[in-house]
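Visitor: Starting from the given sequences, assemble the full structure and let the hints guide the process.
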Amino acid sequence: MAVPGITRRPITKSQLADGLFGLLVGLLGLGVLGLAVAIGINLASGAGPALGRFGPVFFSRSVWDPVREEFGALPFIYGTLATSFLALLLGAPVALATAVFLAELAPRWLRGPVSYLVELLAAIPSVVYGLWGLFVLAPLLRAAIEPALGGWLGSVPLFQGPFYGVGIFTGGIILAIMVIPTIAAVSRDVIRAVPADQREAMLALGATRWETIRLAVLPAARSGIIGAVLLGLGRALGETMAVTMVIGNRPEIPASIFAPGYTMAAVIANEFTEATSDLHLSALFGIGLGLFLLTLLVNILARLLVWRVAWGPVGGE
Amino acid sequence: MDGYRLTGHYRRRKVENFLAQGLMVLAAVLSVGVLFAVLGFVFVQGVSGLDLNLLTQTPRPPGEPGGGMANAIAGTVILVTLACVFSLPVGIGAGIYLAEYGRSGGLAQLIRFMADVLTGVPSIVVGLFVYAVLVLPLGHFSGLAGSFALGVIMLPTVVRATEEMLRQVPDAIREAGLALGLERWKVTLRIVLPTAFNGVLTGILLAVARAAGETAPLLFTAFGNRFWNLDPTQPMAALPLQIFVYAISPYDDWHRQAWAGALLLVALVLAVSLVARLAGRNTPAGS
Chain W
45 MAVPGITRRP
55 ITKSQLADGL
65 FGLLVGLLGL
75 GVLGLAVAIG
85 INLASGAGPA
95 LGRFGPVFFS
105 RSVWDPVREE
115 FGALPFIYGT
125 LATSFLALLL
135 GAPVALATAV
145 FLAELAPRWL
155 RGPVSYLVEL
165 LAAIPSVVYG
175 LWGLFVLAPL
185 LRAAIEPALG
195 GWLGSVPLFQ
205 GPFYGVGIFT
215 GGIILAIMVI
225 PTIAAVSRDV
235 IRAVPADQRE
245 AMLALGATRW
255 ETIRLAVLPA
265 ARSGIIGAVL
275 LGLGRALGET
285 MAVTMVIGNR
295 PEIPASIFAP
305 GYTMAAVIAN
315 EFTEATSDLH
325 LSALFGIGLG
335 LFLLTLLVNI
345 LARLLVWRVA
355 WGPVGGE
Chain R
504 MDGYRLTGHY
514 RRRKVENFLA
524 QGLMVLAAVL
534 SVGVLFAVLG
544 FVFVQGVSGL
554 DLNLLTQTPR
564 PPGEPGGGMA
574 NAIAGTVILV
584 TLACVFSLPV
594 GIGAGIYLAE
604 YGRSGGLAQL
614 IRFMADVLTG
624 VPSIVVGLFV
634 YAVLVLPLGH
644 FSGLAGSFAL
654 GVIMLPTVVR
664 ATEEMLRQVP
674 DAIREAGLAL
684 GLERWKVTLR
694 IVLPTAFNGV
704 LTGILLAVAR
714 AAGETAPLLF
724 TAFGNRFWNL
734 DPTQPMAALP
744 LQIFVYAISP
754 YDDWHRQAWA
764 GALLLVALVL
774 AVSLVARLAG
784 RNTPAGS
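Protein chains in written order, with the working numbering: chain W, 45 to 361; chain R, 504 to 790.
Each hint can be trusted.
Quick list of simulated restraints, FRET-style, between CB atoms: (1) R:692 / W:244: 41 to 49 angstroms; (2) W:187 / R:529: 22 to 30 angstroms; (3) R:610 / W:57: 21 to 29 angstroms.
In case anyone wonders, no lab produced these hints; they're calculated from the structure. Ideal Cβ placement from N, Cα and C applies to all residues, glycine included.
Guide: Put into structure tokens, the structure is as follows:
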């Protein structure tokens, strides 16, 4: 650039403005990073007193007694994991099959509308799911479905005991509905990302459509689908209002899935504003920290898997 | 091959194919059916409680029939507006950084990844965070804290939507601007951003729709308020919050209002997402 006879000019106003703008948006980008870090730090410092008092055992103690100031997170961890597991058990197959339908089977004119309707499931606010769960689903479960299941599988302790209508089972069903749009939308996208050659090769060999899906399409999309299910799991673990309204709010580890339980998010929602002491508040922060770390782990795993399919060489395993 | 056609093996494959496809159709019907089951109940139960009082009155004391959700509707509008004030400048700025400056650099990748991960942080946890940084230092619950919490929830969606839409603007447009002697920031703000405007708007509206329906992050930030209040430094009511309180109350009249409120909320959220869809349809990069 050093042309003889032309001296370097001083930085102009416009160059300065350009630099400042670049710096500004860079800082805003860093702000996003800072926010994630700040959330972690604030939760940890809020949880400090409770974790200091009880140590790591806080997460494996099953006593929750605000009056005697004895706190342990196990019943809530159990409730969160049990409802989320049920949600995946019931919701993931339906969501995955819906995704395959949308990506492989549905006629072109039907794909757009059905995709839109399934995505609408994600747009319904969780408090509305809670309302529906409390006044429509819970009575239905108590009167018909739980007795039927209890009669059929009653020899297994998991299905014994009185039918409350509210409890782990109800929470799991509500969550199953809520994870369907997440799993279906992401799975549909990763299934579509599988190259058409794979299908054509399979069909050319004389395979049926189902064999093509099972042997050529799904294996190629496998890690993306696992990612989609993990994203759904992340949503189920952190879901608050809908579960709070149908879980029954009892800090115990019940033997039956029909019995009331409690989840990590629900206990924070219910007890935080009524916390009786600083230690109680801190214990709730501790549960929040646990929930944060759990969802962080699940989401990071999920994103890595989905990114690998979306950006990496597809089907090249 | 003719003999093969008649074997049981072939027939089994055909039946299996038929059953599997049938199950997938069934699953899709079930997914859509659940949507209609929820929306249908909200509509049927909500319509009977929908009246002018709901829109114009504030809540009566517990147990006393009547009253409405005017304060909660106003609260939701204010909370979401303020949440936009918090999240849009930061979100659009960060999105610009990712699309125009950071691109595929290491820092940009990290920010992109954290934005995606932030999307998955439970909203109740965001509430805890805002309680620690705003409610505790200020000493009381406030609409401001509530809208900040909603802003945190909107942020990652806005960042990623802005980035994705800016990326779809062809480089030729940027180069044309630069070749005319425009500075880079002017190219970004006056050419690239307007070109991608509809797409960015879609992302923002989807974030707004999500924020408007959130309850959990408001429980101990905005807290709720039974009285008419437009001052964001005070505790503030919100539609989802009031639906929650009414739903778990023992009063029939409050249950009726909860359903009517839910109908309002669902209509609001669906209307915003529909507008978002329509805006998205008109992007040059879209379709």
